[in-house]
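**Q** For reference, the chains in residue letters:
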Amino acid sequence: MLNENKNIDQLFREKLGNYEKTPPMVLWTNIQGKLNARRKERRIVVLKIVGIAAAIVLAFLAGWQMTNPSGKGSIPQNSVAVQKDINSNIDRSTKENIETTEILSVKTDQVASNTTGLPQKVNRTTSSNLSSIATFAVSTSFINNVDGTTVPKSGELELFSTEKEFIDELHQNFKMVKKLTDWFANVRKDSVTTSKSNSKVVTTNPFMRTASEGSVTIALNNPIRNNAGHWSLKAEFAPVFNSQAQNNGQRSNLFYISSPNIKPQETTAENTFSGGMVAGYKVSNRLIIKSGFVYNNIRQTTRNVDFLGVNPLYDVPGNTTLASTPAGQVNLNKTGNTQMDAVMNSNFQASSSAKYSATGELKQNIEFIEIPVQATYKMIDKKIKVGLTGGISTNILVGNKATLTDNGASVSSGETANMRSVVYSGAVGLEVGYEITNRITLTVEPRVKQFINSLSTSKSVNYKPSQMGIVTGLTYSFN
Amino acid sequence: MINLEETIQKCASGDRKAQTTLYNQFASKMYGVCLRYSKDSTEAEDNLQDGFIRVFTKINQFGFKGSFEGWMRRIMVNTSLEKFRKNNHLYAVEDMVVYENVQIAEETISAISADDLLKIVQGLPPRYRMVFNLYAIEGYSHQEIASLMSITEGTSKSNLSRARVILQKKVIDEFGLEKNTVTTTLC
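Same order as they appear, the protein sequences are chains E and Z. Okay, so the first sequence: first residue is 347 according to this note's numbering, each after it adds one. Okay, so the second sequence: first residue is 3 according to this note's numbering, each after it adds one.
Please keep in mind that the hints were generated in silico from the structure rather than gathered at the bench. Using N, Cα and C, we set each Cβ at its ideal position, and we do this for glycine too. Check before you lean on any hint, since a few could be wrong.
[Said to hold, decoys possible] Covered, in the sense of this in silico footprint (three residues per stretch, anywhere, with C-beta under 8 Å from a C-beta of chain Z), are these stretches of chain E: (1) 369-381; (2) 791-800.
[Stated by the list, open to error] Counterexamples of contact, computed for chain E against chain Z with all Cβ distances above 10 Å: (3) I354; (4) D355; (5) E366; (6) R384; (7) E582; (8) G638; (9) Y723; (10) M725; (11) N764; (12) S767; (13) I782; (14) T783; (15) T818; (16) L820.
Please work from the sequences and hints to get the whole structure.
**A** So, in structure tokens, the structure goes:
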């Protein structure tokens with residue numbers, strides 16, 4: 347006998363505790379599909395992480411490479427920069443340089459005792475309109491070619507045997523070099539300022555020939571290769587005009603009826619926007635290498651898309667609808683919230699069928715995170731700056747949505763099929779900048795971007811859109 | 003014949019075949035669990051699908067310390083509860099007749115099929131259904147239910163009580179039993 351609460355519980359526990367029923371077969375297919383989608387998402391996340399890591403490593407390597415001379419062995423520690431000094435007076439510098447050279451040419455034990463006096467000598471050289479760093483201007487009389495001829499003022503400057511000996515002495519006396527290095531580190535900041543205003547800095551291996559005009563400036567421990575002012579960070583935003591997608595003129599094969607009254611399927615590209623952060627490294631006075639992260643998206647609308655709708659008055663499961671677009675086939679597999687108004691405006695017979703046919707508007711939104719590697723060559727670098735930018739980008743697919751609407755009401759949602767996870771693109775632009783302050787520059791850059799490979803993995807779809815953007819940016823220089 | 007432990011390990015490494023094997027082995031049982039917590043088969047299928055995806059993505063967290071079936075069952079229950087929380091609407095419960103001191107013959111009990119009872123359970127208001135399943139069938143305490151559903155123990159007890167009333171009425175109504183006492187209550 348069953349009585350009261352416990353018996354009710356018992357009844358249901360006994361009958362339903364181990365209740366089993368075979369689920370529909372389609373369920374396992376759905377589960378597999380979702381598991382595959384998750385794997386794909388994970389792969390994209392991994393790709394993103396790899397991309398970020400690669401960008402960081404590249405930036406680090408670039409920075410490291412730039413801050414460390416390419417000389418071999420122990421040379422970098424004692425590398426000598428050759429600097430031409432445009433404004434120097436050859437005759438005067440000759441006298442002073444000889445004096446300076448004499449100081450540095452003394453024997454090791456003498457150098458040690460003279461170290462404290464060195465800065466004063468160097469400062470005297472600096473005051474004579476040479477670089478403020480340890481500048482050892484070598485006159486044309488001092489610089490001799492291997493064959494003994496004098497180097498022309500406008501010709502190629504070289505380091506000669508006498509200098510090599512001088513360098514050798516420095517190598518042999520690490521202590522002295524270390525002291526010099528420390529001192530140069532202190533005056534490094536000044537040297538950059540002076541170099542900017544008075545001279546053009548060329549850094550080289552001590553045994554490398556370097557083109558120059560006028561006197562030669564020798565600095566120890568590569569002091570003129572100063573990183574200050576080399577890094578910059580740019581925030582950019584751009585309205586993007588996407589290339590017009592080709593009108594494929596097709597109706598989907600769902601309800602194709604050969605009639606002149608039926609409008610052909612029509613795809614138009616919509617304007618979007620992009621934005622992100624880009625870090626720049628000044629390789630030379632004119633060349634900047636940039637990389638960062640930029641969000642970008644492509645949108646297109648296809649009109650007159652046939653679809654099979656579901657009358658909400660009837661409880662009929664949604665159907666899979668296929669639509670063909672220039673970006674590939676779109677799978678719409680989920681019935682959305684069909685509004686009655688929308689349904690009533692469509693061509694269906696509510697009383698006769700649970701399903702109806704209609705034409706809708708298909709919107710596709712494809713989103714990317716772009717990792718560009720760009721080079722900007724500055725043609726004019728004054729208060730107004732003009733530069734030519736070019737580069738390639740890795741575009742990682744982060745969003746892929748498609749929505750079918752019927753008179754503004756969402757009917758189905760899905761995604762464009764066979765989209766490639768990673769696509770590459772090339773871009774060129776002309777950057778015009780205005781230096782608001784020493785650190786901040788406002789730039790405007792018309793930029794054209796072209797996808798190099800098709801956005802679709804499908805062999806039958808070759809979709810390589812181009813984009814035109816007016817990139818507005820604010821660049822902050824770390825100087 | 004591959005044993006369960008090996009199948010689980012293969013599933014953890016993403017082996018499709020092992021996943022199919024595991025699904026085929028447990029799908030019916032888990033579908034039964036989901037059906038009890040859902041209002042209809044469509045909702046149960048959704049929960050079963052989400053539950054299995056969770057099983058396969060978290061299977062590497064199974065420590066082989068207890069029953070794997072129990073672990074899966076808990077996942078299905080939790081998935082159903084989460085779905086309930088997401089769609090947590092207040093359902094108006096009609097006044098109903100309560101039968102007291104009802105006696106049902108053993109023969110009648112054995113004649114009631116599991117499918118019939120499932121329909122009755124599925125007809126319960128969602129929260130009553132959850133509490134009744136958790137308490138009467140899974141064996142959770144009111145304290146545990148309160149914690150799982152973010153309600154008070156008092157609410158859990160009250161919901162269980164009302165669920166029993168509804169179930170009792172429906173069983174009696176469905177199987178044409180005599181009414182000894184009739185009272186009316188507002189749930």
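**Q** Look at each hint and say if it fits the structure.
**A** To see whether the hints hold, each was checked on the structure:
Residues of the segment 369-381 of chain E lying with their CB closer than 8 Å to a CB of chain Z number 9, which satisfies the three-residue condition for coverage. With 0 residues having a Cβ less than 8 Å from any Cβ of chain Z, the segment 791-800 of chain E misses the three-residue criterion, and the hint is violated. Against the 10 Å criterion, I354(E) falls within the reach of chain Z, whose nearest CB is about 5 Å from its own CB. Listed as outside the interface, D355(E) is inconsistent with that label: its C-beta sits roughly 4 Å from the nearest C-beta of chain Z, within the 10 Å cut-off.
Non-interface status of E366(E) relative to chain Z is broken: a Cβ of that chain comes within 10 Å, the nearest being about 4 Å off. R384(E), annotated as away from the interface, has a beta carbon of chain Z within 10 Å; the closest lies near 7 Å. Look at E582(E): its CB is around 38 Å from the nearest CB on chain Z, clear of 10 Å, so calling it non-interface holds up. With a minimum CB-CB distance of about 33 Å to chain Z, G638(E) clears the 10 Å threshold, and the non-interface call stands.
Interface exclusion of Y723(E) from chain Z stands, the closest Cβ pair being 48 Å apart, more than 10 Å. With a least beta-carbon separation of about 54 Å from chain Z, M725(E) lies farther than 10 Å from that chain, consistent with its non-interface assignment. Every CB of chain Z is more than 10 Å from the CB of N764(E) (nearest about 21 Å), matching its label as outside the interface. Separation of S767(E) from chain Z is adequate, the least Cβ-Cβ distance of about 18 Å exceeding the 10 Å criterion.
Residue-level check passed: I782(E) sits 50 Å from the nearest beta carbon of chain Z, beyond 10 Å. At roughly 52 Å from the closest C-beta of chain Z, the C-beta of T783(E) stays outside 10 Å, upholding its exclusion from the interface. At roughly 42 Å from the closest C-beta of chain Z, the C-beta of T818(E) stays outside 10 Å, upholding its exclusion from the interface. No beta-carbon of chain Z comes within 10 Å of the beta-carbon of L820(E); the shortest separation is about 43 Å.
Hint violations for this structure: numbers 2, 3, 4, 5 and 6, all remaining hints satisfied.
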